[in-house]
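Counting with the numbering used here, you get residues 65 to 111 for the letters of the sequence shown.
Hints may be right or wrong, so weigh each one.
Claimed, not checked - Taking lysine to any residue pairs in the SDA-like style, the calculated list, with each CA pair at most 20 Å apart, reads:
id: 1; residue 1: K97; residue 2: P86
id: 2; residue 1: K97; residue 2: I82
id: 3; residue 1: K97; residue 2: G85
To be clear, the hints were calculated from the coordinates, so they are not data collected in a lab.
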Amino acid sequence: MSWDQFWSIFAMPIGLMICFGPMVVAWLAAERKSAPAAKKPAPRKRR
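Please build the complete structure, drawing on both the sequences and the hints.
Now the structure itself:
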């Protein structure tokens, strides 16, 4: 595989990883922090 073929195939995925990779990592970290709080059931009312 020549360099021209390599860059024609992998330029877009590499660019997307550079552009959106940090955003995805931050989003997953925020989701991971808020997940346990969202899974708690609502408290039941006593009569």
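The hints, checked one at a time:
A distance of roughly 17 Å separates the Cα atoms of K97 and P86; the hinted pair therefore holds under the 20 Å criterion. Restraint check for K97 and I82: not satisfied, since their Cα atoms lie roughly 24 Å apart, outside the 20 Å limit. For the given pair, K97 sits about 19 Å from G85 by alpha-carbon distance, which is consistent with the 20 Å threshold.
Hint compliance for this structure: hint 2 is the single one not met.
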